Structure formats: structure tokens, C-alpha cells
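A.B. asks: Whenever a hint applies, use it, and build me the whole structure from the sequences.
As you go down the protein sequences, you meet chains A and B in turn. Position 60 of the first sequence, counted from 1, bears residue number 60 in the working numbering, the numbering being contiguous throughout. Position 9 of the second sequence, counted from 1, bears residue number 9 in the working numbering, the numbering being contiguous throughout.
Please keep in mind that the hints were generated in silico from the structure rather than gathered at the bench. Note that the coordinates shown come from a computational prediction; the quantities given were computed from them, not determined experimentally. Note that the Cβ used here is the ideal one computed from N, Cα and C, for glycine as well. Treat the hints with care, as some may be off.
[Said to hold, decoys possible] Cβ-to-Cβ under 8 Å is the rule here; a few derived chain A residues that face chain B:
(1) G21
(2) R25
(3) V26
(4) S28
(5) R32
(6) E65
(7) Q66
(8) N69
(9) K73
(10) I75
(11) N76
(12) V78
[Stated by the list, open to error] A few chain A residues that don't get close to chain B, going by computed Cβ distances all over 12 Å:
(13) V13
(14) A20
(15) A24
(16) R33
(17) I37
(18) S39
(19) P44
(20) A60
(21) P63
(22) N72
(23) L83
(24) A88
(25) E101
(26) D103
(27) E142
(28) L151
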Amino acid sequence: MTEETERRNHTLVVTVENKAGVLARVASLFARRAFNIKSLAVAPIDDEDLSRITIVVDGASAPLEQVVNQLNKLINVVHIQDLQPGHAVERELMLVTVTVEPDHRDDIVEKLDRAGGKVMSVGIDAMMLSLVGTPDRIDVFEEFLRPYGILDLQRTGRVALANLDEPID
Amino acid sequence: MKLDGGQALIRSLELEGVEVMFGLPGGAILPVYDPIIDSSIRHILVRHEQGAGHMAEGYAHATGRPGVAMVTSGPAATNIVTPLCDAYLDSVPMVVITGQVPTGAIGTDAFQECDTTGMTSGITKHNFLVTDAQDIPRTIKEAFHIATTGRPGPVLVDIPKDIVDPNNPNSAMEWFDNVEMDLPGYHPDTSVEPAAIQAAVALMQAAERPVLYVGGGILKARAAEALRELAELTGFHVVTTLMARGAFPDSHELCLGMPGMHGNFTAVTAMQESDLLIALGSRFDDRITGRLDGFAVDAKIIHVDIDPAELGKVRRPDVAIQGDCRVAIEAMVELLRVQGVGESDRQAWRSRISGWQERFPLTYDPSVPGEALKPQFVIEKLRDATPDDTIVASGVGQHQMWASQYWKFDHPYTWINSGGLGTMGFSIPAAIGAKVGCPDKTVWAIDGDGCFQMTAQELVTATVENIPIKVALLNNSYLGMVRQWQDMFYDERHSEVFLSKDVPDYKGWAEAMGCFALRVDDPDEVENAIAQANEVNDRPVVIDFRTEAREKVYPMVASGTTNSDLLVHPSQEDQPR
Ligand SMILES: Cc1ncc(C[n+]2csc(CCOP(=O)(O)OP(=O)(O)O)c2C)c(N)n1
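C.D. replies: Structure follows, in C-alpha cells:
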């Protein structure tokens, strides 16, 4: 992701009632209003009545203010937090299966180590790796792996929380 | 107290103060129809579910109370989608109850199953699928609360059969008198920010060419009185959009009438040339603004709306005031009384406005004896022969625009109209709903022949249920509004717009439905026919007025042009603007 697109993208953390059909309402609102979703991640939170949806919106597809206002109109939406880039910790998980020739094995494992990733599973001529990181770090790693031959890849989409008072990351 | 779900549903409606509901039963909703027999609620049996929805809307428009409709699952639910969307776009408070297949059958493509909540989620303010009988009272309470507070709108409640069926153990529930709502995400805010009011007042004091741009929200906020106070205090002129006709009296000297695609010259041009637009419960609809980049380019904007999503959606306001229109206007009035309305010289502006009014009145070529009636003439005669507070419900098309132009509305809640969705077939059922809500008022539907053929069968409902509305059918034998566009933009190539003037025989059809009916061809007969219609109060009335098909609605802002390019009546083309 270039810096330019990253600036256009906006991360919204939307707390919703944990009820059937709520995700569909949120997703269809985006479709109906022609707002573009870049990434979407959903899971219940510790309060079992609520769930949290992390949505990365393409800010070029609609003024962010409209997106937030329209989302706010959904009765099941309890709270919306607009995370300014740089004021939040954002993470994504990638699982990837890559072809590994014996010659390349050490190189890949060493890079993976340095990035803080793990080898999850090993086959005859392939490995499954996992990596947690910011979306751009994962992009970079994905690019590094590509020449070796990616067999399968799955990313979770971004989750995010606002920074505490003293950011460390 | 032990009840079953169906009893609980009806009891919950009674507790919400529901006096009347419009509907049509079927398998999935049958168990809820049974307890209606023992209820105080009047049920009006419609002939098509679309009718039930528009009747509920008409009732809500006229009374301000939420309209209620109840229908069965599947095809009944799809039939009521149009009124839901109509109510959504016009912010009409309405609660619709639909039957659904039993909970165990949901998702199996069972007979008459339809994903009603999925289908209506984009066209309702909110909807519910209730899966537990115990949740019925709370859901109904929430539905009415959501429909009537904040920006009003339609709410749908989908009820599976098993939870209301007394023969099914799933429907057993324990009734408590006090149910609590559980809506953690819903906090409509009606209060207004004093700083924003102050900023608005400062703009108003400085304005030289101000216009109050009033939309349907003013009626929803019951703010007509407050608006009048504001206008009279400031001396600012008022335009009332299609949705707001009647919110400010047409006979008032500050009233400019309707702006927009078919608005009158002065209303359109005053907005266009203004230096301050005070938008009150209006939403800068494209039918109002014309091409956006050329709309009122010199105007600063004050925008008051209860729905924060409207503020800045189309045009960025200089001052945005989120909150209830009435509260906001009252706060403005209070501050203006203290601080004065400013020293700006608005004399030149007033004389420009009266110049436009003189040069560009609404006009049409008069009816000629022996030729077809002029629709505008018919509307003027109707207006003059009916009580001042007559309620008018219109269909969609040329007749709608003429009605909104040529009627004189001096009272709020007397104009009922499908503005946002533009739904043909709206007027007859909406008029029925209005008459049910206001039985002491005269209610006229002004309809086109195309529209009439979409929902005329509800006149059967009106006859049988003793709801004596009156219908003025402006029969030009064409889908007139579409024909007008073909005349103007498609070289008069009339593709698929001719309906026939004589088939059906409208008089015969109306009589077959139990109405008193007349047919009028001659301008000299118009007044007499209206007088006869006014005498009849025990049945619905239909007058088939044979009108001129070539007539066009003027003025007009053609799609894609700006409001400065307004096309005026041919007789006014040479007037200096
Ligand atoms: C349900 C529906 N279908 C189509 C249209 C498009 N439409 C707008 S006005 C109009 C013609 C209306 O004809 P009629 O009722 O005869 O009224 P007139 O314009 O002749 O007064 C049509 C087809 C619509 N608004 N609603």
C-alpha cells in the first residue's frame, strides 16, 4: 500500500449489538450507498451483548463524515470510533503457504524470524507461515514471498484499537 | 397474566394508542387476526396490500400519528414494499407488521416464505424479526418509539406464525404491564447547540437577500406556528417545497410558493439569487437544486435538520444545526427578538421579488368551450368550491404538479403527496387513510388516469368501509408526465404512453365499485359537477374530468440544467428576467 492510498483509507471501529443480521445491515449499507470497504473484521467482545467491527473505508469513495453519519443511523450501531492513521495500533494476520526449494529454506525462515512470524506447518516442498503485523509490513512480506511461489494465502483484515496515552509501537 | 403471542401483539398495539389498522389476512398472520375480533382497534380490510401501506401513510400525514398496517408473509410482504420505501423517503411514521413462516421453517424456502427483513432493511428506518413470543411487547414498543422519534420513518416487525399461534407451545408468553425498551444504539437528539443558533442569527442579521427554504421536516416537527413567527419577525420570504406545501400559508404576503423542477419562477429564482438560504427540514433534493454546481452559488447556507446525516450530505452548510426544527426556530426567534434582525437593506431584494411575481405568475391558456378541459382550470375550480381546510392527496405526474401549483394551501397537513419516491397509485389509498384519520374533513384525491388504474380498486374498500372520499380524475388519456418529456426531449415521439380515454369507462367502473360518479367534458359543467360531488357524503365520489393531453407543466427546470435555465410558459418567454 502506498502512503497515498493509506492516507485515503480510514479505519472505523464500530461497536454493534451482538444480534443476528447486524453485520448484514452494516455491509449492505456500504453497498447501497456505494461506499467502498477495503477490509472488514468482526468478532464479539468481552461484553457478550456487543460485537466489534473494524472497517477500513476507502475515503475516496465517500466523504468519511457521510459514512459515519449513515452508520450512526443504524439502530444496532452503538458506537463509532474513527481512528486517525498514526493514532492507533493496527494489526492483521496472514497465513500463507509457499513453495520452498531446499536452497531457499534458510533465507525464508530467517526473514520470517526477523519479522516475528512463525512456521505453522511443513510439507515436502512447501511450508505454511503465519505473520502478524501492520498491513504494510504484511504487504512487504507477501511481496518478498511471491517469487518463491505462493500456493495459498489468507489475510484476516485489519483490527485496531486506539493508542493509549503513551504509544510504544 | 398468561397470553399467547397474537393476543400480546394486539394488546401491545392497543397500548400504543392504535385506533385503526389497515390490512389483509393470510395464513402466516391468521393467529393475529383472531384476537382483532375482541379488540377496540378498527381494522380496515383493503383489496391490495399496497393500499394498506399507503392508507397508513395518508393517516400519518393527516394526523401526525403513526399509521399501522398488517399483512401476511411472502407476496403480501412484497406488495407492501412500495409503501415502505415511499414512507422511508418521505419520513412518514409507520409501523408495518408482516406474518412470517414458523421459526423452524425460516430459511427453507417454505410456502410463502420471503426474506422480509432482508428485503426491507434498506427502505425502513429499522426492522425486526421476532423469534420469541416473550419479545413481542418490547419489540412493538420499540417499533413505535423508533417510527415516531428523531427523523420519523417506517418500521417493520416480522412475526413468525408459531410464536403467535395459540395452538403452538412457542406462543405462550407471560404478559407484564411495564416492558422496558432495549435500544442501546438509538438516542435521537432534539436539543440544539446555542452557539450554532448564535452563528445562524448573525448570518441572518447580515443577509440582504435571505430566503427561508422550508421542507417536509417542518411539518414532522409540528413547527408551522414557529415558522410563521420567524418569517413575520424577520420579514424573510418563504418557499415551501413539494413536501412542505401548507406549512406556511400560501395567502401570506411572504409566501413565494414552491421551488424546484416545476416550482414557480419567483420561488426558484429567489433561491437561486439569494445570499442566504435558511434550510429548515429540507434536504437539497436534486429536484430542488437542479444541477448542483449551478445552484444558488452566492448563497451562504444555514441548515437545520434532526438527522445529522443530512447536514453536509449535498451542500456544505456555513452553519449546521442538528436538532428539532421547532426547537431551533424558537431559539432563533428568541435571540432575534433580543438582538434585532439586522440593519441590512433588503428593500431592493423585496422589489426584485415583487417584480418577478408580477412578470411571471403561474399561467396557462384558458379552457375553450367545445375543447377538452384545462387541468389547471379544473384544479382552480375545485379549490374554490371546497372548504379552506380540505385535505388534498395527489398521485404522481402532471396532475400532481398542477395540484401543488394551483391549489392554495393555507393550513398544514392538508397536502398529502408522494414526494421522495414519486409513487403512482398513492393518492386514492392515501386519501382513504387521511379520511379515516380526519373523518370531519373533506378529502379530495387528485389523480391521473395512469395512477388511477394502479390502485383504484381501493375505492371498493372505501365504499364498503364507509369512507366517503372524493376523487378528481384528470383524464388526459396519457401517461402525461412521461409524454411531456417525450414532447420536449424525444422529438414528440410518443413511445408507450397512450392509455385511451374511454377504456376503461371510468364512470361505469366507479359505479361498479359503489361510488357516485360523473363524467365532465365541458368547461361549463365543471362547477356543477363539483357542487354535486360536494353534496354526496355517504359514498365515495369519482369525477372523470376529460382534460387536454397536450398541456405541459410550466415552469420547468429540465434535468441536467441549472435553476437559472428555468423554462417558463411560452407566453412569458419575452419577459425580462
Ligand atoms: C409506480 C410508478 N411507475 C412509473 C412511474 C413513472 N411516471 C411518473 S409520472 C408518470 C405518468 C403518470 O400518468 P398519469 O397518472 O396519467 O398522470 P399525468 O401525468 O397524466 O397527470 C409515470 C409513468 C412512477 N412515478 N411510478
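A.B. asks: Now look at each hint and say whether the structure bears it out.
C.D. replies: Each hint, compared with the structure:
Interface hint status for G21/A: upheld, as the beta-carbon distance to the closest one in chain B is roughly 7 Å, under 8 Å. Interface hint at R25/A: satisfied, since its Cβ lies 6 Å from the closest Cβ of chain B, which is below the 8 Å cut-off. Here the hint on V26/A is broken, as its CB sits about 10 Å from the closest CB of chain B, past 8 Å. For S28/A, the shortest C-beta to C-beta distance to chain B is roughly 6 Å, which falls under 8 Å, so the interface hint holds.
Annotation: interface hint on R32/A holds; nearest CB of chain B at approximately 5 Å, less than 8 Å. Given the 8 Å rule on beta carbons, the hint for E65/A holds: about 6 Å separates it from the nearest Cβ of chain B. Given hint, Q66/A at the interface with chain B, holds; its Cβ is 6 Å from that chain's nearest Cβ, closer than 8 Å. Look at N69/A: its Cβ gets to within about 4 Å of chain B, closer than 8 Å, so that hint holds up.
Taking 8 Å as the C-beta cut-off, the interface hint given for K73/A holds, the closest approach to chain B being about 6 Å. About 4 Å separates the beta-carbon of I75/A from the nearest beta-carbon of chain B, less than 8 Å, and the hint is met. A distance limit of 8 Å between C-beta atoms decides the matter here; for N76/A the minimum to chain B is near 6 Å, and the interface restraint holds. Nearest Cβ of chain B to the Cβ of V78/A: about 4 Å, under the 8 Å cut. The hint holds.
Its beta-carbon lying about 14 Å from the closest one in chain B, V13/A satisfies the requirement of being farther than 12 Å from that chain. In this structure A20/A is not separated from chain B by more than 12 Å, as the shortest Cβ-Cβ distance comes to only about 8 Å. Some Cβ of chain B comes within 12 Å of the Cβ of A24/A; the nearest lies about 7 Å off, and the non-interface call is violated. Under the 12 Å C-beta cut-off, the non-interface status given to R33/A relative to chain B is violated; the minimum distance is some 9 Å.
The Cβ of I37/A lies farther than 12 Å from every Cβ of chain B, with a closest approach of about 16 Å, so its non-interface assignment holds. Distance check for S39/A against chain B: the nearest CB is about 23 Å away, which clears 12 Å, and the non-interface claim stands. No Cβ of chain B comes within 12 Å of the Cβ of P44/A; the nearest lies about 15 Å off, and the non-interface call holds. For A60/A, the shortest C-beta to C-beta distance to chain B comes to about 17 Å, beyond the 12 Å cut-off, and the non-interface label holds.
Not every CB of chain B is more than 12 Å from the CB of P63/A (nearest about 8 Å), against its label as outside the interface. Distance check for N72/A against chain B: the nearest CB is about 7 Å away, which does not clear 12 Å, and the non-interface claim fails. No Cβ of chain B comes within 12 Å of the Cβ of L83/A; the nearest lies about 19 Å off, and the non-interface call holds. For A88/A, the requirement that its beta carbon stay farther than 12 Å from each beta carbon of chain B is met, with the minimum near 22 Å.
Residue-level check passed: E101/A sits 49 Å from the nearest beta carbon of chain B, beyond 12 Å. In this structure D103/A is separated from chain B by more than 12 Å, as the shortest Cβ-Cβ distance comes to about 53 Å. Its beta-carbon lying about 36 Å from the closest one in chain B, E142/A satisfies the requirement of being farther than 12 Å from that chain. In this structure L151/A is separated from chain B by more than 12 Å, as the shortest Cβ-Cβ distance comes to about 35 Å.
Going down the numbered hints, you'll see the structure goes against 3, 14, 15, 16, 21, 22, while the others check out.
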